[in-house]
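As they're listed, the protein sequences go chains A and B. Take the first sequence: its position 51, counting from 1, is numbered 51 in this note's numbering, and each next residue is one higher. Take the second sequence: its position 8, counting from 1, is numbered 8 in this note's numbering, and each next residue is one higher.
The set of hints was computed from the structure by calculation and includes no laboratory data. Small disclaimer: the values here were computed from a predicted structure and weren't measured. In this text, a Cβ means the ideal position worked out from N, Cα and C, and glycines have one as well. Treat each hint with caution, since some may be false.
As the list claims (entries may be wrong) - Residues on chain B that point at chain A, a partial pick, calculated with CB under 8 Å: (1) Met9; (2) Val13; (3) Val45; (4) Ala79; (5) Val95; (6) Gly103; (7) Ala114; (8) Phe221; (9) Gly222; (10) Gly223; (11) Thr252.
To be verified - Here are the simulated distance ranges between beta carbons: (12) Asp342(A) <-> Arg294(B): 30 to 38 Å; (13) Thr172(A) <-> Arg149(B): 48 to 56 Å; (14) His305(A) <-> Arg144(B): 35 to 43 Å; (15) Asp304(A) <-> Ala18(B): 41 to 49 Å; (16) Ala193(B) <-> Arg31(A): 31 to 39 Å.
Given next are the chains, with one letter for each unit.
Number of protein chains: 2
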Amino acid sequence: MKPLESPSMRAVVEQLEASRIREVANEGLGRTDVLRFWFGESDEVTPAFIREAAIASLHAGETFYAQNLGLPELREALAVYTDALHRGRGASHWVDRLAVTSGGVNGLMLASQALVQAGDEVVAVTPVWPNLVAQPLIMGAQVRRVPLRVQTEGPRAGAWTLDLDALLAAITPRTRMLLVNAPNNPTGWTLDADEQRAILAHCRRTGTWILADEVYERLYFGGGTAPSFLDLVEPDDRVIVAHSFSKSFLMTGWRLGWLVLPATLTATFSKLIEFNTSCAPVFVQRAAAAALQRGQEVTPALVDHLRTCRDTLVPRLRALPGVTLAEPLGGMYAFFRLAGHDDCLETAKRLVREAGLGLAPGSAFGPEAAGWLRWCFASRDTTRLEQGVDLLGRWLTP
Amino acid sequence: MKPLESPSMRAVVEQLEASRIREVANEGLGRTDVLRFWFGESDEVTPAFIREAAIASLHAGETFYAQNLGLPELREALAVYTDALHRGRGASHWVDRLAVTSGGVNGLMLASQALVQAGDEVVAVTPVWPNLVAQPLIMGAQVRRVPLRVQTEGPRAGAWTLDLDALLAAITPRTRMLLVNAPNNPTGWTLDADEQRAILAHCRRTGTWILADEVYERLYFGGGTAPSFLDLVEPDDRVIVAHSFSKSFLMTGWRLGWLVLPATLTATFSKLIEFNTSCAPVFVQRAAAAALQRGQEVTPALVDHLRTCRDTLVPRLRALPGVTLAEPLGGMYAFFRLAGHDDCLETAKRLVREAGLGLAPGSAFGPEAAGWLRWCFASRDTTRLEQGVDLLGRWLTP
């Protein structure tokens with residue numbers, strides 16, 4: 001018998017990196033004088049009509065278990081929504097390919113559970129929000145990072161772009177899954193349709209699953225919805241697309257998302273949902289149904305406002321000494337390099353302490369982004385952004 | 001390059017057994033004339049004051065992300081609650097050992113993620129609700145089932161009891177984790193303190209983690225709270241206890257639970273929560289805080305009522321021909337054997353079709369329980385239970 005040891009858990013789980021954003025935020029604990037742009041959420045409360053739908057459901061006593069895959073009426077509404085955005089095959093094409101999940105992150109975790117196991121190789125396009133890479137590690141897989149490259153010259157200097165050849169070369173028949181988040185958190189990079197077509201064709205040949213995190217598809221500044229793998233997939237393609245109510249409908253705290261799956265996988269995801277969270281609360285799903293029904297009152301205005309936020313922040317940031325950044329094509333982040341501040345975790349902490357400015361360190365999203373900082377510009381009041389730039393400017397040039 | 005194949009997922013995930021309870025429930029789809037006792041939830045709506053707390057939070061605009069481990073005020077309330085039930089070491093002993101999860105099932109899944117990986121051996125006391133066993137399988141572990149035994153004689157004939165020697169013999173230094181759910185769903189079996197002490201001492205020697213699902217601890221008919229590992233653990237013991245608001249506070253649909261952990265693991269569980277669901281909604285946590293604050297208005301009356309339900313159902317069931325069952329010591333289920341009906345899945349389906357009675361088949365909880373049926377007696381109106389027994393009686397003796 002082994003002697004009593006101190007408690008030990010799986011090494012891979014113990015070694016998962018704790019959030020560096022949270023580490024920075026801890027520097028501001030108890031301070032009310034920090035302008036916070038570190039987390040990936042708007043400072044706007046969820047619209048009242050969405051909250052009212054949840055309240056009505058609670059008054060009606062809808063406090064029981066629901067279907068694993070989500071309320072049938074919500075799945076039908078999501079099918080209509082998906083069909084309106086992607087290819088117009090008819091809502092009936094989508095309804096059996098949908099699973100409602102306890103947040104976008106939860107949907108992505110379920111996909112990793114379904115697809116990867118110990119010893120599998122996963123390729124991830126990076127930098128990327130850390131959860132996406134942590135999930136296959138928890139399942140025992142190896143993750144190979146394929147970094148975006150920074151454009152150093154021209155009008156888009158500071159933009160992160162895909163080296164498509166390098167990505168395709170990294171994806172081999174040994175690659176079980178490709179992880180790609182576009183529009184990308186933190187860089188604002190987006191895939192175009194030609195790149196998606198090339199990736200899909202390659203992954204069909206290698207037998208590689210594509211897990212596409214497209215939660216920012218509506219927060220796109222190129223007109224309409226960002227290019228999506230859903231515009232390209234055939235019914236049996238090995239593609240899973242993750243979505244969330246968080247960003248497009250100002251519902252971060254509700255923890256509701258959905259997956260679009262090959263129909264052959266839906267029954268299995270129903271089981272995985274049962275074993276992970278069982279279902280999402282009915283009253284949360286009622287709120288989501290209201291959000292979809294009156295989405296035109298929310299998302300277009302939100303995107304317009306985010307464009308204003310971006311256009312307020314980016315030129316002002318660019319005018320500061322040592323700042324390099326390109327306008328993001330999608331998402332809600334300005335991702336910029338600050339010359340002479342390569343230890344961005346330390347820089348972010350100093351900014352909290354010395355300037356009262358809360359930003360996320362680039363290294364939170366991978367070693368590729370050391371020396372960068374992420375600024376979430378989803379701010380109801382754009383003067384907050386201006387004030388933030390002033391704080392940074394005075395800190396840089398006291 | 002491999003040729004294009006039809007989509008394939010992990011074999012172990014594809015082969016997870018779909019819910020046999022749901023399979024029976026599907027027999028009753030679209031029928032309004034089925035008396036349903038198949039799912040593990042009361043038919044009582046969550047008390048109004050709990051719903052009102054969520055509604056107030058929604059009105060106040062609490063729709064943002066929360067702390068991974070839960071709102072500090074909820075964790076503090078849980079610490080006070082835990083301390084009042086277990087050992088009275090002071091709330092401060094517990095607060096750093098608590099993690100709020102997206103349901104009890106989610107907490108259990110997080111524990112499997114933290115503790116087991118491919119090739120690990122897990123021992124489970126069975127029959128048991130299927131999720132508990134599915135979770136380590138998803139993580140790639142092997143599960144060895146140690147069945148409870150059915151008492152065949154005496155006043156407790158039909159009761160499921162633990163063969164402690166057999167369980168201890170099955171737990172060796174190769175056993176990474178022991179899964180035990182007591183009070184048990186479906187059998188109503190509970191561990192006593194001496195058995196818990198023996199199991200804990202043995203697992204200390206073998207270095208085996210104990211994952212104890214104690215969500216039914218308050219639904220106990222032996223007076224007070226069911227015996228708990230929390231009454232015995234030392235700070236560094238390899239013991240994780242899972243709890244839920246679902247059963248004790250009539251909050252099944254809210255998806256909120258919590259874990260009690262060794263303090264050394266709490267930071268890691270914060271990461272796992274981030275990567276699985278990020279947090280529970282604030283408005284759900286506010287409801288839970290209200291439930292704890294005024295819990296004395298809910299749980300004792302609920303337990304009294306469940307005892308009435310049990311005492312309504314059990315003697316009437318026992319009076320039917322071919323029925324064997326013992327009074328459950330805890331939980332909210334009557335688990336009974338029906339002589340001559342060994343294929344209980346088929347029996348349960350026939351009961352839906354032919355008698356309009358919805359029960360869960362014992363085989364849903366493991367092969368050990370083939371020939372048994374589970375009846376959830378958490379019914380606001382006890383005459384529903386009497387009506388159900390009448391339906392079963394007429395079906396048995398037309």
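Okay, the hints, checked on the actual structure:
1. The closest approach between the C-beta of Met9(B) and any C-beta of chain A is roughly 5 Å, which is under the 8 Å cut-off, so the hint is satisfied.
2. Hint status for Val13(B): holds, given a least beta-carbon distance of 5 Å to chain A, under 8 Å.
3. The beta carbon of Val45(B) comes within 4 Å of a beta carbon in chain A, closer than 8 Å, and the hint placing it at the interface holds.
4. A least Cβ separation of about 20 Å between Ala79(B) and chain A goes past the 8 Å threshold, and the interface hint is therefore violated.
5. Look at Val95(B): its Cβ only gets to about 17 Å from chain A, farther than 8 Å, so that hint breaks.
6. Given the 8 Å rule on beta carbons, the hint for Gly103(B) holds: about 5 Å separates it from the nearest Cβ of chain A.
7. Nearest Cβ of chain A to the Cβ of Ala114(B): about 5 Å, under the 8 Å cut. The hint holds.
8. Checking Phe221(B) against chain A: minimum C-beta separation of about 24 Å lies over 8 Å; hint violated.
9. A hinted interface residue such as Gly222(B) counts as satisfied when its beta carbon comes closer than 8 Å to some beta carbon of chain A; here the least separation is about 28 Å, so the hint is violated.
10. For the restraint placing Gly223(B) at the interface with chain A, the shortest Cβ-Cβ distance is roughly 29 Å, beyond the 8 Å limit, so the hint is violated.
11. For Thr252(B), the shortest C-beta to C-beta distance to chain A is roughly 5 Å, which falls under 8 Å, so the interface hint holds.
12. Checked against the hint of 30 to 38 Å, the pair Asp342(A) and Arg294(B) fails, with Cβ atoms roughly 54 Å apart.
13. Roughly 52 Å separates the CB atoms of Thr172(A) and Arg149(B), a value that falls within the hinted 48 to 56 Å.
14. Under the hint 35 to 43 Å, the C-beta atoms of His305(A) and Arg144(B), about 57 Å apart, miss the expected range.
15. Taking 41 to 49 Å as the suggested C-beta distance range, the pair Asp304(A) and Ala18(B) conforms, at roughly 45 Å.
16. Range check, Ala193(B) to Arg31(A): about 48 Å between beta-carbon atoms, so the 31 to 39 Å window is missed.
Hint compliance for this structure: hints 4, 5, 8, 9, 10, 12, 14 and 16 are not met, and every other hint is.
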